[in-house]
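Using the numbering used here, you'd call the opening residue of the sequence shown number 1 and step up by one each time.
Since the hints were derived computationally from the structure, they do not count as laboratory data. Some hints here could point you the wrong way.
What the hints assert, rightly or not - Restricting the straight-line Cα-Cα distance to at most 27 Å, the calculated cross-link-like pairs of lysine-lysine (DSS-like) are:
1. Lys231 to Lys323
2. Lys74 to Lys44
3. Lys44 to Lys231
4. Lys323 to Lys74
To be verified - The following label-pair restraints were derived from C-beta to C-beta distances:
5. Glu45 to Arg282: 42 to 48 Å
6. Arg293 to Asp43: 44 to 50 Å
7. Gly300 to Thr269: 25 to 31 Å
8. Ser132 to Ala302: 19 to 25 Å
9. Thr258 to Asn196: 46 to 52 Å
10. Gly184 to Val288: 23 to 29 Å
Even for Gly, the Cβ is constructed at its ideal location relative to N, Cα and C.
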Amino acid sequence: MDRFLLSMACLALLAMGSARTGRAQTIFAGQVAGATYTDVVPDKELFAERKSGMVDSQVEESMDLNGDGIADIKIELYVNAIWTGGQSSTAYCRIYPLHANVALPISEPSSYSKRYYNPGLTKRTLGEAIQSELVASGSMKAGVWVTGPTDLLDANHSFFVLSEGFYGYNSPVGAVHTGFWYDGQDGYLPVRLRANSTAPWQYGWVRLQAPGAFYNNSGEANFGSVSVIIKDYALSNTVLAAQTAQAAGWQIYPTQVTDQLTFEPPTPTGQSQVTVGDLCGRAIAHAVVSGRRQQLSLAGLAAGVYIVQLDTPAGHFVQRITKQ
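Please construct the entire structure, taking both the sequences and the accompanying hints into account.
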């Protein structure tokens, strides 16, 4: 693994990592500008598969995310032995925060039931904001940050799942899939760390690929194996932004833009500097906006995810957009 700090030249292009006074940090999933980035080379694949006989299969991997010599999170994969008569089958991928100065977010699905489901780890897609308040996304409710090892929901729910499969012969719910990591695509797990209980949180992400489903050797969905691939991760270096532009009352639309991007401040304002950059910190476009409403042409930009930065008389704000 190579751990490196992005060059000052790269940071200066977008200045996304410059120190600013603000109420909260914001880093975007996949963002490496203004962050300490670690590429896992080669990708680390963890795999657990049901073995013959009454033998459980379990694989564990601990990760030190900030390089201080202390393990921060543990990834655990488990597949149980087939019970007598094949009446019960369980497989899961869980991640634990290992101490009180690391936190992972959990989200509940709309069908959440504490009796049969364990809390699912929040999943973010490329460019989605990671900050103190994690908004709802898709089928997930808003994320809630939880630290370890004692800040848990209750005695029966002391872990958080990427994905979990269970079949109980006498279970009223039958076969169950829980978690939000079933599409087999890359996802970004939000994380936050701090030096001690009074220090500010440092936000970041871990990019993982989790299975689309659980299968046995014959391709049947009976939770016979589970895997996860660790690809890379990053932690912000400094306070990145006071808040998103939307939270500050700015309207920047459309967020999925093909040509003209419109800016509307909450109140008449003086000149504001606009920078459009990619997630690596490269500045793609600049503009100066003033007044109540103004447009910026992005017709020449390639399709992808970009971050809009606003430097205004009222503060520094950010907004994610997608160029189609």
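Can the suggested window of 25 to 31 Å be confirmed for the beta-carbon pair glycine 300 and threonine 269?
Holds: the Cβ-Cβ distance is about 27 Å, inside 25 to 31 Å.
Given a hint of 19 to 25 Å, does the C-beta separation of serine 132 and alanine 302 actually sit inside it?
The hinted range 19 to 25 Å is violated for serine 132 and alanine 302, with Cβ atoms some 32 Å apart.
Outcome of range test on Cβ distance (glycine 184, valine 288; 23 to 29 Å):
44 Å Cβ-Cβ, so the 23 to 29 Å window is violated.
Between lysine 323 and lysine 74, is the straight-line Cα distance small enough, at 27 Å or below?
Judged against 27 Å, a Cα distance of about 36 Å means the pair is violated.
For a C-alpha distance cap of 27 Å, please report whether lysine 74 and lysine 44 respect it.
holds, 14 Å
C-beta pair glutamate 45, arginine 282: status relative to the range 42 to 48 Å that was hinted:
For arginine 282 against glutamate 45, whose Cβ atoms are near 31 Å apart, the range 42 to 48 Å is violated.
Quick check: does the Cβ-Cβ distance between threonine 258 and asparagine 196 fall within 46 to 52 Å?
For asparagine 196 against threonine 258, whose Cβ atoms are near 47 Å apart, the range 46 to 52 Å holds.
Take a look at whether the Cβ-Cβ distance between arginine 293 and aspartate 43 falls inside 44 to 50 Å.
The hinted range 44 to 50 Å holds for arginine 293 and aspartate 43, with Cβ atoms some 46 Å apart.
Given the hinted pair lysine 44 and lysine 231, is their Cα-Cα distance within 27 Å?
holds, 7 Å
Straight-line alpha-carbon gap lysine 231 to lysine 323, limit 27 Å:
holds, 25 Å
Violated hints for the displayed structure, listed by number in ascending order: 4, 5, 8, 10.
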